[in-house]
Amino acid sequence: MRLRETPEEQAFRRELRLWLEETLPTLPPEPPFDDWEAKRAYDTGWQRRLYEAGYAGVSWPKEYGGRGATPSEELIFLEETERAGAPYVGCCFVSTLHAGPTIIAEGTPEQRARYLPPILRGDHVWCQGFSEPEAGSDLASLRTRAVRDGNHYVVTGQKIWTSHAQVADFCELLVRTDPDAPKHKGITWLIMPMDLPGIEVRPMRTLTGESEFSEMFLDEVRIPVENVVGAENDGWRVAMVTFGFERGTAFVSELLASKRLLADLVEIAKKTPWRGATAWDDAGIRDELVLIEAELEAQWALTKRNVSRAARHGTPGVGGSVFKLAYHETRERMGEVALRILGRARLALDDPTGVSARHLDHVHQRLYALSLSIAAGTAQIQRNIVGERLLGLPKDR
Amino acid sequence: MRLRETPEEQAFRRELRLWLEETLPTLPPEPPFDDWEAKRAYDTGWQRRLYEAGYAGVSWPKEYGGRGATPSEELIFLEETERAGAPYVGCCFVSTLHAGPTIIAEGTPEQRARYLPPILRGDHVWCQGFSEPEAGSDLASLRTRAVRDGNHYVVTGQKIWTSHAQVADFCELLVRTDPDAPKHKGITWLIMPMDLPGIEVRPMRTLTGESEFSEMFLDEVRIPVENVVGAENDGWRVAMVTFGFERGTAFVSELLASKRLLADLVEIAKKTPWRGATAWDDAGIRDELVLIEAELEAQWALTKRNVSRAARHGTPGVGGSVFKLAYHETRERMGEVALRILGRARLALDDPTGVSARHLDHVHQRLYALSLSIAAGTAQIQRNIVGERLLGLPKDR
Amino acid sequence: MDFEPTDDQVALQTELRRFLAERIDHDARRAIAEMPGAVDRDLWRELGGMGVFSVTLPESAGGVGLGFAEATLVFEELGRAAVPGPLVGTFLAAGLDVDLAASAAAGEATVGLCPVGDPAFVEHLPALDALLVVDDGGVALAEPPAGARPVDRPLDPLTPVAVVEALPAGRPVGDGDLARELRTRAALLAAALQVGLATAAVEMATGHANQRVQFGRVIGQFQAVKHMLADAQVQVEVARAAVQAAGVELDDAAAGHQEASAARRAVDVARIVASRAADRATRACIQVHGGMGFTWELDAHLYLKRALVLDAGVGSPEDAKDALAAAL
Amino acid sequence: MDFEPTDDQVALQTELRRFLAERIDHDARRAIAEMPGAVDRDLWRELGGMGVFSVTLPESAGGVGLGFAEATLVFEELGRAAVPGPLVGTFLAAGLDVDLAASAAAGEATVGLCPVGDPAFVEHLPALDALLVVDDGGVALAEPPAGARPVDRPLDPLTPVAVVEALPAGRPVGDGDLARELRTRAALLAAALQVGLATAAVEMATGHANQRVQFGRVIGQFQAVKHMLADAQVQVEVARAAVQAAGVELDDAAAGHQEASAARRAVDVARIVASRAADRATRACIQVHGGMGFTWELDAHLYLKRALVLDAGVGSPEDAKDALAAAL
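Residue numbers (the working numbering), protein chains in the order written: chain B, 1 to 397; chain R, 1 to 397; chain P, 1 to 328; chain C, 1 to 328.
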């Protein structure tokens, strides 16, 4: 058990920190709220900068243009970029963290040559077409059908929760190619160019007021057979490979951002008049903030454990589920205490008083936290995973 | 919606209060900790006093020697006795609140004449032989077998959680008389005299250190056929009748005792040195105590709703499950904050310092509260009941 | 004691429930959000005509002649339908000795309610005819403040908010005693609204859990879902009993059958537990709906957001906790 | 960074686990409860021989020559086996510059640990050779106090308690800095014990859930049970990571690779989350066992009670919260 960094890791951190200090002041202004064209430009611009500096695909193998960083180095990368206030991966999330690694692992040489370089350069944005309205937590029950017609699949169906679809160039798509096979056996993983005829994207608004996600309607979209990644009907395994790239780092930026939000909340509490003193002087509020700080710090220790486990065994095991369950509970409580401290200022998601540009963050985050127990596997599914895979309790089937 | 009392109710309360004021000072000293012979004598002595004053079987119909009180009057009875610090029903619980009412509803005239008067006078103590080790929450899966042999049933099996068995005269016993019938259809409700050969009672110790409950081993116990209440194989229905006597008052004494405990805890908090002031000055502790007070008061309002519902419809519906779920959660939190306030004084269940005779109560209650989500239907079973019967969600079968 | 609602009370509640079910649905709520200040003036008059704002006024004064027991039933229904608008302020104004009272009672006028604050956050401002301003020292009736800056994105899309540096002083209409009385009433009505919101949230989630199929089963069969909703419903039932008991106690206190302090304490209790019930139930509603619960499209978020807004009004749960602590 | 335990660390933990599994079972614990002060002197010497109390002492001083990282692993195992006795006090005494240190390290002596208090509650008194008394100003080593009144019914039957009006002053062995250091170490070791207790509780409950049948199914299949245990296990995993990280940080600070204040803060974090994990897990263990979980017979209550006892010792979670608040 060693938390100290190796000399190589220290050098990596130093170099990165230096580069961030130089580079961040030269970035364009942040895009306006919920403007996805502007956000695409901003996020891909940042990806381009990373590319030029040799930080693109930080965890990708070197032979495919990545940096080949260890999980520890990836952790350092995420820590330093968050610390410096660098942009998040944003629109480049699916391309650099899901689709790219999948094509590296399962793609043909031609697919690698064609798709990987533009991902690294920030030329292409990808979206994920996995979820469907009827499938929900039961992802494998997806119904979008692909029927072979010569050298094409003709794809018809509906996807949902497709992030950045309105600005994406490609989609990693799961389709049902064999409706008669058991549900996990008839699925294929396809690369779908987003400019094909028959694709309709309808942005959805989430309860925070943002339109990051879309519904995607596919009406006889003709996708070339060469766009299969892996083999026909082997798409479930390929999708699991995609999820398998998780090296314990999935929530690092989130967690670090939460720590920053908490520190900010402590500052607000210390300034907020409360029962004749400040909110921080209320032992109930103070203890709750302290508890949240302790939990986030403990989850940071767990993250290091998960990353180390992934470095040794290639995967953090169910560590991701453990993290997610702990984290969403903490975040929900953080949202509650934030609103308690804000009092009537909670009524606004933006802050026309100018007193604190951060109110926006805190009210917004309170709402956003509601997604943490739903997205990427509900808390109920995660508890099944922990109960069955970690504790060895029987499946309920 | 009327919370005010009728003139009759007011008169009942006044009269009772007067009688309690006169009577309580004449009671013998309380029995020592965990001495069940002494406790039997004390509890039946109190029952005898009630009988002589006309308060025995307060909710029993008049024609069977009871007082025929309305649910509202029963509530007043419980409220006043608790307020005055009168003894609890104790060892007379099963006889006066379960077995007696069941015999009134389902017994033969002979059974009523034989068993009811001694119950009211406090001459007989009853225990309940329903639960079994293997059955647990699935009560109807009980296995204790009764085989007909002439005018007797020969009963063999094992019961558990038999309260006061070591001092009981009779047992209300559920046995399986038809092993081939569906599990709810082959059960019979029997009156078992506790002095029959073949009964072995082994007191169990609970985690609070008390031995209120026993395991009961039955080895070819011969019970006369005339001791069946209801019909052979109809015992499940009869048992449900027993549970059906609940008029929303099951937890009234508990709830009122909790309110008293909380008031006491507030007093302790106000005297306990804490971070340079008192524990009560800690807003976290104070808010938690306030929250618990609010919850107990709200549960008192719910109790009145349940009692009123029972008065109108004969049963509080699933109100009992609703109450129990709310109450056990509050009580668990009350135990937590109590131990927090007590600090190192928590290390003792008795209080040799003499500083506060109440420490005993609070540490003991913290442990006792653990049973509230287990006894008489676990919280999980109660949630099924609320989900299925109140909300109409489907059974998981 | 008979704490079950009377037939008249059931009828009152049922009638209003039916009216609101027909008058306000998912689309109507969204249409109201687009109206100035998110108040539907026609609906407001209809509510006034049904006596929603004058439940507790004597019949001699054109009121319904009932009590706060009935007012809790009425506000529970308004919450259940998530009716937008300054319901509590208008109800309170109708009971004051001011010129505006009659038109507030009739639903002709809309009256906001706001604690003093620096800055102050005023709800529904563009639709307000007047504003009740409450602080510990007293109550004032003010013109809607000018120079307020509207918030682009209010927490609750059905509760537009504007920020004012300083509220107008207005005309004093009462002292600290009235302020306390209004806080108490506001707390009770807000608690009743939250019980209604929580009820709607559990109903909506239960409906979904009864039809949504995952892994070959209706999800309401899964204990994870069933128990989450059962726990929410438990809190709703407890809160409903507390709110209705507090209404009865306020009426008893007004009639001299009960200490005023005991009735206020009952309101504090109701305020605290209703807030928690609303939080639990509206959260569970979103969770049970999964991803769709997180969208703008479903009403689930409206319940949650309204519940959060109500916690920050006059007579908040924070106030109730302080008051109850002082009484312990 | 490589936060996985090394092979040596795994071996250390496995060896101790095996020893304790053979040496201490349900009956052995009950036998120890009957011994004076609930300390098994033979076991104590065996533990001393295995280096349990001297993990962090240099080999030159007869210690094991490892760090607090390893000490957390050792104490996790002691907690998992619910070993009774003044483990923390004896460990701390072994590291002091006092005559008693060597015999404490060897398991020849038992040393209690007690915060000053009026009255003071001393654990395991009849078995103590000495008592470490800690307050903010310093640390003293005292003779076991005379005139203490034993408690008839201690909260934890494996932790006998006696009450003393005033602790003996004893011989000063250090100032406020040492007091802080001992508090920090005690907090870390108590947290490790609680992680062990919580682990045992979840294991015991999981074993039961895998074999107990109700309604025709193994109860571990019911989501209500499965999710309760999953939630407990989540907290255990998080707490274990925090405790081990804090151990590593203390070692790093001792080696000059880390600020001492940062390491103390890591211990505070560990103390807080371990306490909560132990509470959640030991409660869940009782609940999953149903009625039997509420009996004296099963070990479930011993885990819960020990966890509650540990929360009231030197370096309590309350202290940790205050320290962490001061650092925010």
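These aren't lab readings, by the way, just hints derived from the structure by calculation. These numbers come from a predicted model, not from an experiment. For every residue, glycine included, the Cβ atom is placed at its ideal position computed from N, Cα and C. Hints may be right or wrong, so weigh each one.
The calculated lysine-lysine pairs, modelled on BS3-like cross-linking and capped at a C-alpha distance of 30 Å, are [said to hold, decoys possible]:
1) K270/B - K270/R
2) K259/B - K270/B
3) K395/B - K395/R
Listed next, the stretches of chain R that the computed footprint assigns to chain C, with coverage defined by at least 3 CB atoms under 8 Å from CB atoms of chain C [what the hints assert, rightly or not]:
4) 121–131
5) 338–351
6) 367–376
Outcome of the hint check:
no. : hint            : result
1   : K270/B - K270/R : holds (26 Å)
2   : K259/B - K270/B : holds (17 Å)
3   : K395/B - K395/R : holds (18 Å)
4   : 121–131         : violated (count 1)
5   : 338–351         : holds (count 10)
6   : 367–376         : holds (count 6)
In this structure, the one hint that does not hold is number 4.
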